[in-house]
Amino acid sequence: MVELLWLIPALPLAGFVVLLFFGKRIGEPLAGWLGTAMVALSFLVSIVVFIGLWDQPEHTYDLKLFSWIPAGSFHVDLAFLLDPLSMTMVLFITGIAALIHLYSIGYMHGDSRFPRFFTYLNLFVLSMLLLVLGDNLVVTFLGWEGVGACSYFLISFWFEKDANATAGKKAFITNRVGDWGFMVGTFVVFFTFGTVKYSEFLPLSPGLAQSTATLIAVMLFIGAIGKSAQIPLFIWLPDAMAGPTPVSALIHAATMVTAGVYLLVRVNPILAASFSWLPWLIAIVGALTALLAASIAIAQTDIKKVLAYSTVSQLGYMFLAVGSGGYSAAIFHMVTHAFFKACLFLGSGSVIHGMHEEQDMRRMGALRKLMPITAGTFIVGWLSIAGVPPFSGFWSKDDILSYALHKSPVLYAIGLFTALLTAFYMSRQVFLVFFGKARWGESGDAELAAMEAHTAAHDADATTDDARSDDLGEATVAAAADAGPVAVATEHHAHDVHPHESPWTMTIPLVVLAVLSALGGLLNLPFNENTELLNKWLEPVVGANQVHLGLSGAQLTVELVVSTIIALLGIAIAYGVYLQRRVDPERIELPLFANGWYIDHGISVFAGGPGRRLFELVATFDRVVIDGAVNGVGRLTRGGATRLRTVQNGYVRWYALMVGLGAVLIIAFVLTQVTF
Amino acid sequence: MDTSNLDIAYLALSAILFGLGGFGLLVRRNPLVMIMCVELMLNAVNLTFVTFGRMLDDISGQVIVFFVLVVAAAEVVVGLGLVVAMARRRPGATADDLRLLRG
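Quick mapping for you: the protein sequence lines, in order, are chains L and G.
The first sequence runs 1 to 676 under the numbering used here.
The second sequence runs 1001 to 1103 under the numbering used here.
FYI, nobody ran anything at the bench for these hints, they're computed from the structure.
Beta carbons are placed, not taken as given, at the ideal position from N, Cα and C, and that holds for glycine.
Incorrect hints may appear among the rest.
Claimed, not checked - Stretch-level coverage of chain G by chain L, calculated; a stretch enters the list once three of its residues show a Cβ under 8 angstroms from a Cβ in chain L:
hint: 1; stretch: 1017-1026
hint: 2; stretch: 1090-1102
As the list claims (entries may be wrong) - Only some residues are given here: those of chain L computed to face chain G with a beta carbon under 7 angstroms:
hint: 3; residue: Arg635
hint: 4; residue: Leu636
hint: 5; residue: Thr637
hint: 6; residue: Asn649
hint: 7; residue: Gly650
hint: 8; residue: Tyr651
hint: 9; residue: Gly660
As the list claims (entries may be wrong) - Sample of chain G residues with no beta-carbon within 12 angstroms of chain L, all distances over it, derived:
hint: 10; residue: Ser1004
hint: 11; residue: Pro1031
hint: 12; residue: Val1038
hint: 13; residue: Phe1052
hint: 14; residue: Arg1054
hint: 15; residue: Ala1074
Work out the full structure: start from the sequences and follow the hints.
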């Protein structure tokens, strides 16, 4: 049954090709159903292949389709490697993608480029599957670039608005920085091993020189940082929320951004062969990203921005797990995060849809009665991400924290504090959106007026940012996107807002994802070896380099209790602040956090000021030295030729004389040099 | 001794012929005469070959002469063809007038 493996990427490819050429003719909603059916079929095939994989030796299956690049000793096949790791990825990618396709049919209803949207989505699923299934770095890179390109297409899907187009460009450029690392890593792998095939070079890596292994690992880590939005390349992900919400859910929460984590888990033997500071670096970057992003998330007002920063934060947890040697924990969290974050994003999309494109949480509230299904599923997602037992996020986060504690108590403390922040900002979001007083419609008028002052200040802030960025020739997308919802809200005034529940195509995926978020923890319960299903399943891939915790029952209990307390504490604080109003939220939502630690701002200032001068210097160097060298060679040749051409004077007898003289000279030379 | 003196004389003769041919090639401007000079040089070389063949008692010198004759014949065909074609297009043109390919 595993032979059907090729069908998994082939089905989205077929959907993509058909939609690309006939999408407009098929039209709405049939194009959406076609795209959905292709991905859903792909999911079904994945299940069949999954069942077939059990019979394979070591749960591994290699399928070679054809020779792609046969160039001397460099040989690349278009081949798929199916092992427990890629199988896990394929299952949740196709499964969640199918749900999100279904959801998009409802969400994108009435959009003028409805078929085009599904064309991109199918292409994205194809690329993602190539990424995880590729049996060598080059095929993985093909998928890697494919998801990057699709992300760019989809972020700027509504390109009529300038901020969206800019956000797409920002994502693309930031990703390119990471791609550079991936490419260099691939080159080094080839020069070291003479092959880029995982099954050939990974088993050799324990014998590798530490410095070489570290170089490869660092380069691939840079690639992973770019794709998975870690410090310092995380800036693109929050802006990526400019895309339609299903895109945010599919690409920027559930699948694409996990590619970096996947890559690091895939090359875990290389990480193990590196210097010991490398895992530390990964863990520290992950922990700091988690903390930084969580701190930014507590002060965001855009419903999707909060989720975006929380995604960055959760990805930080996964890197922390990888760095601490908990590869299976990283994958576990990746899977549960895919469930609950897709659920939350789709829920927020449903809210935005119901509120008629309103994204500002300060203009929401008390929506739970009007959108019961959305609210219910969102609450499940919230409890899951906040780490409340027995929801899935609790188990996976605790798994990571156990590994972090094993690595270092400091990392554990950062992780715990981030968990507190996570519980806090997610509760804040839920309370602002679904509970409290309705701040939309007429009842919210007074509150709106009260908020006016704050908004005005915020607006002024945003406009100055805009003005400055125009000056500098670099768009501060964050500021532009911040200003966006406010502008939209003032356009169609809050009076005629009538929130409503979304159609069934949108609620069904929500319910399914909510169930998965609630039960996802069953994949890997930490109680004994028999309940750690995912650990056991991933054993052939990561087992050799996985840190073995060997926790005693008491330790485990303490950790679980601490995590629970932290989660409940975060929720309680948010309850006090946002529902009981015991503390002024302004005292927590510092401008530093609201503006993302001024990182975007700083980059704009740098890129516009010293950065611009620096690069102008580089451009001058390019123009003067590089171009000068090239043009100089040209001028030299021309000048030399002008003088040399006079030798060819056209007098044939002159040529004859020269031939004669030359002959005499050569003979004279031979006669004087050669002794008989 | 006699024979070697005779050989030397032949070699001297061929050197004189070669020199005459080369000198003529350089000083005359009529293409036809220039071709005749080239022929003179070729035949001077032929004479040298034969002489050396005899001196060294080696038949290959004479063999090469046949090759040279054949090549010379072919060369004359092409050369005279060029001279005729040229005389038709530009009657009375000397070698120095034909310098279209100058740099």
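(request) Would you pick out the hints that fail for this structure and give their numbers low to high? (result) As far as the earlier hints go, 3, 4, 5, 11 and 12 are violated by this structure, in ascending order.
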